[in-house]
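Guided by the hints, dock chains B and L onto chain C, whose structure is given.
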Amino acid sequence: MGPILEVRDLQVSYYTDAGRATALAGASFSLNAGEKLGLVGESGSGKSTMALAMMRMIKPPGRIEAGQVIVDGVNLRELSEAQMLQARLNKIAYIPQGAMNSLNPVTRIEAQMADAIRAHDKQTTKKEIAARCRQALESVDLKPQVAKMYAHELSGGMKQRVCIAISILLKPKVIICDEPTSALDVVTQRQVMETIDRVKDQIGAAVILIGHDMGLMAQFVDKVAVMYAGRLMEVSTVREMFTDPKHPYAKALINSLPRLDNKGVFQGIPGLAPSLLRLPPGCPFNPRCSQAMDICRAVIPPSVTLEGGRTVACHLYADKV
Amino acid sequence: MTTVAISQPEVLRPGRFTLTLRYLRRNQSLVIGLLIVLGLAIFTIHGMLTIDPKRAYPLAVLPKQPPSPQHIFGTDFFGRDLYAAMVVGLWQTALIGIIAGALGITIGVVLGFTSAYFGGLVDSVIKGICQVLTPIPAFLIQVIIAGSIDKREVTIYTMAFIVVLLAWMHPTLVIRAQVLSMKERQFVSVAKLSGMGDIGIIFQEILPNLLPFIAAAFVGQVFASMFASFYLAVLGLGPLREPLLGNLIWAAQSQGAFFNGWWWWPITPAVAMVLILGSLALINMGLDEIANPRIRRTE
Amino acid sequence: MSLKRIVGRLVFLVLVIWAASTITFFIPRLSPRNPIRERFAELARIGGFSPQDLEAIVASYNTKFGLDKPLWQQYFDYVSSVARFDLGVSLNKYPKTVIDLIMESLPWTIVLLFVTTILSFVLGNLLGAIAAWPRAPGWLRSLATPFVLLMGVPPVLMGVLLLFFIGFRLKLLPLGSAYSTGMVPDWSSLSFILNVAKHQILPALSLILGSVGGWVLSMRGMGVTIQGEDYVLFAEHKGLSGFVIFKDYYLRNALLPQVTGLALALGTVVTSNIVVESLFGLPGLGRVLSQAIQANDFLVIYGIVLFITIAVATLMVVVELLYPLLDPRIRQE
Numbered sequence: 001m002g003p004i005l006e007v008r009d010l011q012v013s014y015y016t017d018a019g020r021a022t023a024l025a026g027a028s029f030s031l032n033a034g035e036k037l038g039l040v041g042e043s044g045s046g047k048s049t050m051a052l053a054m055m056r057m058i059k060p061p062g063r064i065e066a067g068q069v070i071v072d073g074v075n076l077r078e079l080s081e082a083q084m085l086q087a088r089l090n091k092i093a094y095i096p097q098g099a100m101n102s103l104n105p106v107t108r109i110e111a112q113m114a115d116a117i118r119a120h121d122k123q124t125t126k127k128e129i130a131a132r133c134r135q136a137l138e139s140v141d142l143k144p145q146v147a148k149m150y151a152h153e154l155s156g157g158m159k160q161r162v163c164i165a166i167s168i169l170l171k172p173k174v175i176i177c178d179e180p181t182s183a184l185d186v187v188t189q190r191q192v193m194e195t196i197d198r199v200k201d202q203i204g205a206a207v208i209l210i211g212h213d214m215g216l217m218a219q220f221v222d223k224v225a226v227m228y229a230g231r232l233m234e235v236s237t238v239r240e241m242f243t244d245p246k247h248p249y250a251k252a253l254i255n256s257l258p259r260l261d262n263k264g265v266f267q268g269i270p271g272l273a274p275s276l277l278r279l280p281p282g283c284p285f286n287p288r289c290s291q292a293m294d295i296c297r298a299v300i301p302p303s304v305t306l307e308g309g310r311t312v313a314c315h316l317y318a319d320k321v
Numbered sequence: 001m002t003t004v005a006i007s008q009p010e011v012l013r014p015g016r017f018t019l020t021l022r023y024l025r026r027n028q029s030l031v032i033g034l035l036i037v038l039g040l041a042i043f044t045i046h047g048m049l050t051i052d053p054k055r056a057y058p059l060a061v062l063p064k065q066p067p068s069p070q071h072i073f074g075t076d077f078f079g080r081d082l083y084a085a086m087v088v089g090l091w092q093t094a095l096i097g098i099i100a101g102a103l104g105i106t107i108g109v110v111l112g113f114t115s116a117y118f119g120g121l122v123d124s125v126i127k128g129i130c131q132v133l134t135p136i137p138a139f140l141i142q143v144i145i146a147g148s149i150d151k152r153e154v155t156i157y158t159m160a161f162i163v164v165l166l167a168w169m170h171p172t173l174v175i176r177a178q179v180l181s182m183k184e185r186q187f188v189s190v191a192k193l194s195g196m197g198d199i200g201i202i203f204q205e206i207l208p209n210l211l212p213f214i215a216a217a218f219v220g221q222v223f224a225s226m227f228a229s230f231y232l233a234v235l236g237l238g239p240l241r242e243p244l245l246g247n248l249i250w251a252a253q254s255q256g257a258f259f260n261g262w263w264w265w266p267i268t269p270a271v272a273m274v275l276i277l278g279s280l281a282l283i284n285m286g287l288d289e290i291a292n293p294r295i296r297r298t299e
Numbered sequence: 001m002s003l004k005r006i007v008g009r010l011v012f013l014v015l016v017i018w019a020a021s022t023i024t025f026f027i028p029r030l031s032p033r034n035p036i037r038e039r040f041a042e043l044a045r046i047g048g049f050s051p052q053d054l055e056a057i058v059a060s061y062n063t064k065f066g067l068d069k070p071l072w073q074q075y076f077d078y079v080s081s082v083a084r085f086d087l088g089v090s091l092n093k094y095p096k097t098v099i100d101l102i103m104e105s106l107p108w109t110i111v112l113l114f115v116t117t118i119l120s121f122v123l124g125n126l127l128g129a130i131a132a133w134p135r136a137p138g139w140l141r142s143l144a145t146p147f148v149l150l151m152g153v154p155p156v157l158m159g160v161l162l163l164f165f166i167g168f169r170l171k172l173l174p175l176g177s178a179y180s181t182g183m184v185p186d187w188s189s190l191s192f193i194l195n196v197a198k199h200q201i202l203p204a205l206s207l208i209l210g211s212v213g214g215w216v217l218s219m220r221g222m223g224v225t226i227q228g229e230d231y232v233l234f235a236e237h238k239g240l241s242g243f244v245i246f247k248d249y250y251l252r253n254a255l256l257p258q259v260t261g262l263a264l265a266l267g268t269v270v271t272s273n274i275v276v277e278s279l280f281g282l283p284g285l286g287r288v289l290s291q292a293i294q295a296n297d298f299l300v301i302y303g304i305v306l307f308i309t310i311a312v313a314t315l316m317v318v319v320e321l322l323y324p325l326l327d328p329r330i331r332q333e
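Residue numbers (this note's numbering), protein chains in the order written: chain C, 1 to 321; chain B, 1 to 299; chain L, 1 to 333.
In short, the hints are calculated from the structure, not lab data. Since we're looking at a predicted model, the values are computed, not measured. Just to be clear, a hint being listed does not mean it is correct.
Claimed, not checked - Here are the computed lysine-lysine pairs in the DSS-like style, where the Cα-Cα straight-line distance is at most 30 Å:
1. C:Lys143 - C:Lys200
2. L:Lys247 - C:Lys148
3. L:Lys247 - C:Lys171
4. L:Lys4 - C:Lys148
5. L:Lys247 - C:Lys122
6. C:Lys126 - C:Lys171
7. C:Lys143 - L:Lys198
Claimed, not checked - Stretches of chain B that chain L covers, calculated by requiring three or more beta carbons in the stretch to come under 8 Å of a beta carbon on chain L:
8. 79-91
9. 136-145
10. 262-268
Even for Gly, the Cβ is constructed at its ideal location relative to N, Cα and C.
One chain only, chain C, in its complex shape (with noise of 0.2 Å):
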């Protein structure tokens, strides 16, 4: 069996005053069903617009330019507006980041919960309505009564839970949850994080996380991908990616984190990131590396597989293939 996602090639650009801004310059890689990836970059990397462009949700002056997005089997970029409609949250589903002001503070939980289900599957009954949504709340352990109550009478966690139990309702293939527990205490954060692995046993999906806390990606995903000014730079196993980064910028980002061996010693990466619309050419994160080359700095280094299927994108490697 094939990967259940494929992202082959994908771009998008935001058209601005000062000029076009490549958000995300050609990302490619794929997920197995039941596979974790967890994607990690500093703020404005992509890491966000690859989501949003998976979703086929980039609004103007932005516009997916290029590349495909196969869940099971099917590309969402060639499907109409309304089928796309409909493959939201039954393909492929998203948890936006700040789960606390995503559910409608107006309505009931159920409310927000049945619109979902009645708009992929307008024949349902109220009794299943209720049946699935019950079940979805269970499954992220909340009570029954949930369903009855408002936004503003949950607590935190709980609300993120919400926001899992709707993405679940219609059982997607693929769960993009964006910075899940960014704004929750770290007991909330963990419960959260086992819920989404529960869950995703459950339906047997793909889930893609966003974040920047790598301590957390560590215990929970499979697969790391780092960004950095909208291009994937390095894919491998979080095995690998903590024991033996390859692409310059993976290694100085693993570097950066604090260890209880050399604790006070913080290692920051020197410079900036670029602006997306003034990007040096080359490889982007070229003025920042240490290892950079003559090469580095005229031409972009296209994206290798290494032994072990991970892929890095840096001229190092280019003769290792």
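Same frame as chain C, but now just chains B and L:
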């Protein structure tokens, strides 16, 4: 996107004049509003210099004449030349608006600052009074005041005074809110820490920063005052002898101008009033955009 | 909503009514005019009775209305009579009481007020919401623009312009008054009701055209904010149709502050209504008020003003107390 450019290439900075022009081109409501006001001002000033103001009062000219080269806006039932009446009426309407607007905004600034800056009991009392008075339709109280004064004694200035008596609560509350938010800003804390006194902070730090806001509130207040005095006059509570625009409409309506076919009588002051109120509304929208950058961003 | 809040609002309402009655009591007494003397002096001119008689009548009326008592006693009597809904008698149409006059004219005002306020609120908010909704077709979004431009024309001026163009030039609709002269008021006859309705169109149109723009503007501003809310974005991710998102997520939430705005605008709305009524000569509160002003019928002026003030303040508090039914967040507190 929070990415930061490392080095910004030096851009040629356009002059202040070009920048202003460029801004005005975007802020069209301000420009159109100002142009209309300018036109009305020229009309009034030119008129004041060339006509005999007596023609704006009863029995000066032949009554009930439709517009003609001799009387371009016609004459009314009482023998007023409507062109002269427009000139005097516009001038008087502007006078009421500006006097009442300036008084109202002054009271608002003083009370708003006192209330917000000193807080405590003073604030509670001022805020409380404003809140209790706000639901009472100011216009109706103005009706009582105007109705309690002998109509023969009402002048333009009493009108302005009546209007302002109940028009200071809104500016007070609005300016109070602005000062409160201003007080929390960093530069005020810095001034406080550096030992600046209350008066110094108010006049050197807060007031200058609120000026665009106060300007917008002033135009709003002029608008509200003209509106209120116009309504009073339409109900027949104005200085009856004066050719105030509202008075003309009231007089025309009570003489059944449309029934009798003297359409020009109510229409002339109505169009003039539409021009005044419309232009002020446009200017207010334009100033709001300057004073309130939040709107600027969302539009 | 807590009991404390309800009690708080009711206390506020009592305070407003007290403030309004205090103002209507003291302002006229600050003025040097004596309404009763003026009224009878006027009658004396017409009726021709002697100055001595006038003094006697004034004195007896002063006693009758309690004007010979000390000021604090008058004030106390006045406030307590307001509390009993006793607003005094008309000097001009004696022995009719002010309440009688109000009750006769009130139905006219209420019908016009409710119809125009609801229509302009609904129309303005709908157009404003659509104007701010990026997915609505362009022609639909631009429907709001003419109303925004009309905002500079207050209802009374709109009334004069409509009278001129539609009533005078095109002769499509009557030039004012409640029904055609010569008609006998008979609410059981259809032709009379239709005649009345025809006379109401222009006043209603003036009020609506002049006030839709305000709702459009505030709703458009609100709409821009609500669209960026996370719950609207999540609703899109859920694959809901544009219509459902518009109705349940966007409009529902954007309308809440508008309802509060409606409560705050009531004073202005009633004011415009009254002035337009008097412009068109409709037999509502507006005309009673303007007639009372012409005739120096002071108690009627004060009575109507007080009545409207109390009605507006009460409506405001009622809207505020009903608001929690719309917003579950406040219901909880």
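Taking the hints in turn, this is what the structure says about them:
no.	hint	verdict
1	C:Lys143 - C:Lys200	20 Å, holds
2	L:Lys247 - C:Lys148	21 Å, holds
3	L:Lys247 - C:Lys171	26 Å, holds
4	L:Lys4 - C:Lys148	26 Å, holds
5	L:Lys247 - C:Lys122	18 Å, holds
6	C:Lys126 - C:Lys171	19 Å, holds
7	C:Lys143 - L:Lys198	59 Å, violated
8	79-91	violated (count 0)
9	136-145	holds (count 9)
10	262-268	holds (count 3)
Hint compliance for this structure: hints 7 and 8 are broken, all remaining hints hold.
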